[in-house]
Amino acid sequence: MSLLPFFIFVIFVGMVLWLSFYFAKQTKTSQGYFAANGEIHWIVNGVAFSGDYLSAASFLGICGMIATVGYDGFLYSIGYLAGWMVALFVVAEPMKRLGKYTFSGILDSKFNSKAIRLTAGVSTLIISIFYLIPQMVGAGALVTPLLGLPHYVGVIMVGLIVITIVATAGMTSTTYVQFLKGSLLIFFSIVLCIFILIQGLNTEPDQGGKVPFYKYATIQAQLQGNEILPVDTSYIKKGEITNQKLTFLKLSKDDVQTWWLKDIDLKGDIILKETQSEVRLSNGEFFINGKPASKDNQLRQVGNLEKIGGESGEQAKTGSVNPFKFLSYFSDKNTVVKRWESNLFKDGDDKVTVYYPIETPGNKILRPGLKFKVEGSLSEKLDFISLMLALFFGTAALPHILIRYLTVKTPADARKSTIVAVASIGFFYILTLFMGLGAMSSGVLNLTSSNMSAPLLAKSFGILLFSMISAIAFATVLGTVSGLLVAAAGAVAHDFMGTFGGISMTDKQKVIAGKITAFSVGIIAIILGILFKGMNVSFLVGWAFAVAASANLPAIIMVLFWKKTTAKGIVASVIVGIFTALGMILLSPSMYTHYGLNPDLAPIPFSNPGIISIPLSFLTIVVISLLTQKRNKVLTG
Amino acid sequence: MYSKSSDSDNVLAYKVRIGVYMILIYALVYFGFIVINISNPLLMEKIIFSGLNLAVVYGIGLIVFALILAFIYNSMCSKKEAESNNNMFSKKGGK
Numbered sequence: 001m002s003l004l005p006f007f008i009f010v011i012f013v014g015m016v017l018w019l020s021f022y023f024a025k026q027t028k029t030s031q032g033y034f035a036a037n038g039e040i041h042w043i044v045n046g047v048a049f050s051g052d053y054l055s056a057a058s059f060l061g062i063c064g065m066i067a068t069v070g071y072d073g074f075l076y077s078i079g080y081l082a083g084w085m086v087a088l089f090v091v092a093e094p095m096k097r098l099g100k101y102t103f104s105g106i107l108d109s110k111f112n113s114k115a116i117r118l119t120a121g122v123s124t125l126i127i128s129i130f131y132l133i134p135q136m137v138g139a140g141a142l143v144t145p146l147l148g149l150p151h152y153v154g155v156i157m158v159g160l161i162v163i164t165i166v167a168t169a170g171m172t173s174t175t176y177v178q179f180l181k182g183s184l185l186i187f188f189s190i191v192l193c194i195f196i197l198i199q200g201l202n203t204e205p206d207q208g209g210k211v212p213f214y215k216y217a218t219i220q221a222q223l224q225g226n227e228i229l230p231v232d233t234s235y236i237k238k239g240e241i242t243n244q245k246l247t248f249l250k251l252s253k254d255d256v257q258t259w260w261l262k263d264i265d266l267k268g269d270i271i272l273k274e275t276q277s278e279v280r281l282s283n284g285e286f287f288i289n290g291k292p293a294s295k296d297n298q299l300r301q302v303g304n305l306e307k308i309g310g311e312s313g314e315q316a317k318t319g320s321v322n323p324f325k326f327l328s329y330f331s332d333k334n335t336v337v338k339r340w341e342s343n344l345f346k347d348g349d350d351k352v353t354v355y356y357p358i359e360t361p362g363n364k365i366l367r368p369g370l371k372f373k374v375e376g377s378l379s380e381k382l383d384f385i386s387l388m389l390a391l392f393f394g395t396a397a398l399p400h401i402l403i404r405y406l407t408v409k410t411p412a413d414a415r416k417s418t419i420v421a422v423a424s425i426g427f428f429y430i431l432t433l434f435m436g437l438g439a440m441s442s443g444v445l446n447l448t449s450s451n452m453s454a455p456l457l458a459k460s461f462g463i464l465l466f467s468m469i470s471a472i473a474f475a476t477v478l479g480t481v482s483g484l485l486v487a488a489a490g491a492v493a494h495d496f497m498g499t500f501g502g503i504s505m506t507d508k509q510k511v512i513a514g515k516i517t518a519f520s521v522g523i524i525a526i527i528l529g530i531l532f533k534g535m536n537v538s539f540l541v542g543w544a545f546a547v548a549a550s551a552n553l554p555a556i557i558m559v560l561f562w563k564k565t566t567a568k569g570i571v572a573s574v575i576v577g578i579f580t581a582l583g584m585i586l587l588s589p590s591m592y593t594h595y596g597l598n599p600d601l602a603p604i605p606f607s608n609p610g611i612i613s614i615p616l617s618f619l620t621i622v623v624i625s626l627l628t629q630k631r632n633k634v635l636t637g
Numbered sequence: 638m639y640s641k642s643s644d645s646d647n648v649l650a651y652k653v654r655i656g657v658y659m660i661l662i663y664a665l666v667y668f669g670f671i672v673i674n675i676s677n678p679l680l681m682e683k684i685i686f687s688g689l690n691l692a693v694v695y696g697i698g699l700i701v702f703a704l705i706l707a708f709i710y711n712s713m714c715s716k717k718e719a720e721s722n723n724n725m726f727s728k729k730g731g732k
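For the protein sequence lines, the chains are E and S, in the order given. Residue numbers for the first sequence follow the numbering used here, so the first one is 1 and each next one is one higher. Residue numbers for the second sequence follow the numbering used here, so the first one is 638 and each next one is one higher.
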C-alpha cells in the first residue's frame, strides 16, 4: 500500500471530523440540529445541495455505468438533473414557506393526523435506507484499491465515522462538509477531464506506460464431426459448455487451462476468442485465468478501443483532442469499442465465471440501448420509461434533499440555492460523460465492479490524482450518509416519538432521540452495504428514486396543488407507493439475479417499478380523497 | 394554501403559476427525449453537428436547457418580488 493515498485519506477524514466537532459546539437546539437554524447562506447551501446530490451514485455509479454500457449510464445524469426541475419549479418555495422539518411535517401542515405522521415517517426511513445502501457499497468499493482493505471494512468504517458525525453536530456540520466536498469533487473532476482530453485516444492504452497493453488472442477452430476443435494442436480441448446461447471451450496449453469464446469471423470461419476467467473448485481452490489466484495473479484491467474512426495501431492515435472531437470519435460508427460481459456456469463441480469481449460500434455506444433495450420487447421499453419517470419525479421527494430547503432564511434563498445546485450538478453531469468514456477506452476497468472506474482512471494519471479523487469520493459518501441519517433521525424524533407515540419530548430529548435513530439506521445501513456488494451503485440509487417518487411525490404535489386532498388519501397513497415500489423491486429480474435465481423466472418483467407505482400512487390519492370528501367536510366544517 | 407566507398572495400565485408553466415546458422536452428513444431509436445515432449525434446533443441539451429555464424562472420571480416590495414601500411611504 502506498503511503500517499493513506495520508491524503486520513487528512480528509480528519478534516470532516474536525468540522463536525467544531459545529457541534454551536448546536444547542433541535432547530440547530435538524435545520442549521436556517442560517446557511444560499450559495453555500446550493453547493452543499450539489454535495448532497453528487453522491457515490453520481461519481462512482454513473461513471462506472458509462464506462461499461456507454450512453445508458448517461441517462442517469440526464434524469437526475431533470428531477431538479420538479424540485425547483414545484416544491422549493412552497416547502420553505411551510417551514417544516420533515416530509411528514409538510403533509401534515394541512391536517393534524397521526396516521399521516406515521406513514410519512416510515416512508422517510425506508427511502433513507434504500439511498444509504449504494453509498455504503460505494465506500466498500473505494477502500479496497485506496487502502488495500476488504470491502466490508470500508462499509463499517463509513458507518462508524458518519454515526460519530451525526451524533455530534447535525445539519450545520453536514452542510459545510457537503459544501467543501461538492466544490472539491467538481474541481478535481475538471482536472481529470483535462487529463483525459490532453492524453487523447489510442487503441493500445498502457496507463502511461505503467501497465503494458495486453493483446487478447484469437485462434482458428474447425468442426470435426460435431466437435469444435482448435486448429493449433498445441491447445488441447478439455471441455465445452453452452450457456445462455454462448459456447465456451476449455483449452489447455502448457498445463494452464483457459476458457475461449466460440465466434464466427467475417469469412464465416469458426474462431475462438481468449477470455478471462475465475474458477472456484469444489475444494475451495480459486483460479484466475488458469493459475492460482494471488496478489500477482488477478483479473487484468480491461477497456479499449479496437478502432478509432476506422483506424487502429499507431495510425489511430489522436493526440490531444477538444471535447467535441472526443465525443465525436465515440459517436462514429467506424469506431469499435471492446466491452466485456460475464457468463456464470458450472463445469462439473467447479463454479466458473467467464469474462468475454464484445466489439461494439461507436454509433451503438453513444445512444441508449446497451443496458436499456429501447429496441427490445414492450417490457424492456417500459423498463426504460420507468427509469426515466422515477428519476424525474424522485429528486424532489428525497428526504435529505427536502430538509436542505430549511437551512436557508427565505423562500427566495431556497430558490437561488436550488439554481446554484442545478448549475453545479448539471456541469458535473456533463463531465461524467467524459470520465466514463475515458475509463471505457483507457484499459482501467475492473471486471468485477464497475463502481471504481473513475478512481482507477485517475490512478492511470498518477497516484496523487487517484488519492485526491478517492479521498473526495470517500468524503462524498460520508457527507451523503450524514444527510440521510439526519433526515431519518428527524423522521423518528418528530413523527414517531413526538406525536404518534404520544411521548411529549423536550427540545433536548428530541435531539437525543434523533441521535439514537441515526445510530440504529447507521447499523442497518452497514449490514445492507455489505450484503449488496458488487451491484452498480447508480442502479441501486435508481431504486431509491423509484420508492421516493412513488411514496412521497404524489402526496407532496397533491397537498400543495389540490384542495380536495384528504388525510386518508395521503396515507393511502404513501402506503400504496411504498408497497408497490418495494414489492416490484423485490420481484424484479435484477433482484432474482442477486438472489442467485434465474432472472427470466422473475414475476415482474422489468427492474424499475416507477411506471406502475407512481401513477398508482397518484390514482390512489385522488380516488381515496374523493371517496372521503364528505367526511372531510364534516370534520373540517 | 400556504400558511406562512411572507409574500403577498398575488406574488405567490404568480410564482406558482410560472413554476407550473416552466415544469410543463421542461417535461415536454424531457418526455420528447423518451418518446424518440422508444419509437425511433436509430434517429438518436444521426449526426447533428461537429460529429455529435442526436443522443449527445439532446442529452447535454436537456441539462443546459434546465439551467436556462432555472435562470429565467429566478429572474421572473425576483422581478415580481421586487415590484411587490416597491409597491409595499410606496404604500407605506404614502401613509
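Calculated directly from the structure, the hints in this document are not laboratory data. If you're wondering where the values come from, they're calculated on a predicted model, not measured in any experiment. We put the CB at the ideal spot given by N, CA and C, even for glycine. Hints are supplied without guarantee of correctness; some may be wrong.
[What the hints assert, rightly or not] Incomplete in silico selection of chain S near chain E, CB under 10 Å:
| id | residue |
| --- | --- |
| 1 | I675 |
| 2 | M681 |
| 3 | L691 |
| 4 | Y695 |
Comparing the hints with the structure gives:
1. I675: holds, 5 Å
2. M681: holds, 4 Å
3. L691: holds, 8 Å
4. Y695: Since the shortest Cβ distance to chain E is 9 Å, the answer is holds.
The structure agrees with every numbered hint stated previously.
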